[in-house]
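Protein sequence lines correspond, in order, to chains A and B. Note that the numbering used here has the first sequence beginning at 2, numbered continuously upward. Note that the numbering used here has the second sequence beginning at 2, numbered continuously upward.
A few of these clues could be false.
[What the hints assert, rightly or not] If you want a taste of the chain B side facing chain A, the calculated C-beta under 7 Å gives, among others:
1. 112
2. 113
3. 148
4. 149
5. 157
6. 161
7. 183
8. 184
9. 185
10. 186
[What the hints assert, rightly or not] Straight-line alpha carbon distances no greater than 25 Å define the calculated DMTMM-like cross-link-like pairs of lysine to aspartate or glutamate that follow:
11. A:125 <-> A:82
12. B:125 <-> A:168
13. B:125 <-> B:151
14. A:125 <-> B:168
No wet-lab data here; the hints were simulated from the structure. Owing to the predicted nature of the structure, the values given are computational and were not obtained by experimental measurement. In this text, a Cβ means the ideal position worked out from N, Cα and C, and glycines have one as well.
Number of protein chains: 2
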Amino acid sequence: MADQQRADARRNYARILAVAEQEVAAHGADASLERIARVAGVGSATVRRHFPGRQALLEAVFRERIESLCARAEALADAADARAALLDWLGGLTEYSASARGMAEALVQDRLVEPEQVSACSVKLEGAIEPLLRRVAEQGAVAPGVTAADLVTLVTGIALATEHHSDPAAEGRRLLDLTVRGVSPSH
Amino acid sequence: MADQQRADARRNYARILAVAEQEVAAHGADASLERIARVAGVGSATVRRHFPGRQALLEAVFRERIESLCARAEALADAADARAALLDWLGGLTEYSASARGMAEALVQDRLVEPEQVSACSVKLEGAIEPLLRRVAEQGAVAPGVTAADLVTLVTGIALATEHHSDPAAEGRRLLDLTVRGVSPSH
DNA sequence: TACGATACGGAGGACCCCGCCGTTTAGCAA
DNA sequence: TTGCTAAACGGCGGGGTCCTCCGTATCGTA
Chain A
2 MADQQRADAR RNYARILAVA EQEVAAHGAD ASLERIARVA GVGSATVRRH
52 FPGRQALLEA VFRERIESLC ARAEALADAA DARAALLDWL GGLTEYSASA
102 RGMAEALVQD RLVEPEQVSA CSVKLEGAIE PLLRRVAEQG AVAPGVTAAD
152 LVTLVTGIAL ATEHHSDPAA EGRRLLDLTV RGVSPSH
Chain B
2 MADQQRADAR RNYARILAVA EQEVAAHGAD ASLERIARVA GVGSATVRRH
52 FPGRQALLEA VFRERIESLC ARAEALADAA DARAALLDWL GGLTEYSASA
102 RGMAEALVQD RLVEPEQVSA CSVKLEGAIE PLLRRVAEQG AVAPGVTAAD
152 LVTLVTGIAL ATEHHSDPAA EGRRLLDLTV RGVSPSH
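Work out the full structure, taking the sequences as your base and the hints as a guide.
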């Protein structure tokens, strides 16, 4: 039931995805689908057959990375220092989404299409941090009312506002650090 | 030297701007220039003549609001509680840019065009908070290394990541609050 | 009133997204 | 091996946007 696709279909899928990765990396989330098709050597209809809508393409492009992030979160699930683990993971997410063009846009986009799409990147990420966040919260080391969604939102926000910077990863990490410790935590 | 424009030119400028405000409010930063021209009853070339580039249009659309924000900052310059003044102002900026469609996008965009454009919205805003921030910093009530640009960046980030939300202003303010006090301030 | 500079807007080219539909091709079965 | 059928392909046309050029209409003045 898994792969009943025809061989050429699978081949094209792979070629398109490969080209899409490069194009998105080069031109961000609104890379030209037409161009992707041209470079991949297929008709534009084929692109949209495999990926109905730009969002689907972006999701596929970042899928691997997202899953590796989720796996990492699982690995950190019972680290000695829960807070350090959470911050470490958030730092990784920030650096990646700030420097990988299109990633942050994809994250914010996929929230306003289908609220509860399981395939959605943001949902996966939220699920991944949930356990980490809970542990830290139980230690009382997190501000009250903070949800996993909040963390993802803050990170994507930082990434979006940082993409233009000359060194997005470093700048993103710095700003993340600031929001973690507080810009003006006094009192 | 101020207004050597022809009367019809000024008239068209005003009409276009008025329509642009509505269109941007309705469709965000990437409203159709073509459409704006059509609704305003002018040729698309005329829009471009008055506003070379989408960025110029957006700047004009938000100009008034930006200046009123700057004025407010000046009024708060010597409030009794410097920190409260800064936070109050940041809250206002956040609420506005989170709920006014296109504003946040305009802010992040205008940074990557011309680094040191005096007309740029973000530059104006940074100049406006600078004094407020300095006062708070002198009291030691702000994390070390925080610049005015950082604050604008964080706020636009929050706004960008929050625009999709059902109540962007409230959500934005909540996240700002989190950022100010720190998500996990423990140490 | 007549004239020159200024501003206008239509036309056309390049690009993009999208859906339709006739054609090719892979993979199975005889 | 050879047919056959369903799956997959891709060209084409329509609708949209952005942008530039250039002939024309209009304003303000002499």
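Hint check results:
Nearest Cβ of chain A to the Cβ of residue 112 of chain B: about 5 Å, under the 7 Å cut. The hint holds. Annotation: interface hint on residue 113 of chain B holds; nearest CB of chain A at approximately 4 Å, less than 7 Å. Below 7 Å, beta-carbon pairs count as interface contacts, and residue 148 of chain B has none with chain A, the closest being about 10 Å; its hint is therefore violated. Below 7 Å, beta-carbon pairs count as interface contacts, and residue 149 of chain B has none with chain A, the closest being about 12 Å; its hint is therefore violated.
Taking 7 Å as the C-beta cut-off, the interface hint given for residue 157 of chain B holds, the closest approach to chain A being about 5 Å. A distance limit of 7 Å between C-beta atoms decides the matter here; for residue 161 of chain B the minimum to chain A is near 4 Å, and the interface restraint holds. Restraint check, residue 183 of chain B versus chain A: the minimum CB separation of about 3 Å is within 7 Å; hint holds. Below 7 Å, beta-carbon pairs count as interface contacts, and residue 184 of chain B has one with chain A at about 5 Å; its hint therefore holds.
A cut of 7 Å between beta carbons decides the hint on residue 185 of chain B: the least distance to chain A is about 5 Å, and the hint holds. The criterion of a C-beta within 7 Å of any C-beta in chain A is met by residue 186 of chain B, whose closest approach is roughly 5 Å, and the hint holds. The hinted pair formed by residue 125 of chain A and residue 82 of chain A meets the criterion: a straight-line CA distance of about 23 Å does not exceed 25 Å. This hinted pair checks out: residue 125 of chain B and residue 168 of chain A have alpha carbons roughly 23 Å apart, not beyond 25 Å.
Distance check on the hinted pair: residue 125 of chain B and residue 151 of chain B sit about 14 Å apart at the alpha-carbon level, within 25 Å; holds. A distance of roughly 23 Å separates the Cα atoms of residue 125 of chain A and residue 168 of chain B; the hinted pair therefore holds under the 25 Å criterion.
In the structure shown, a violation is registered for the earlier hints numbered 3 and 4, in ascending order.
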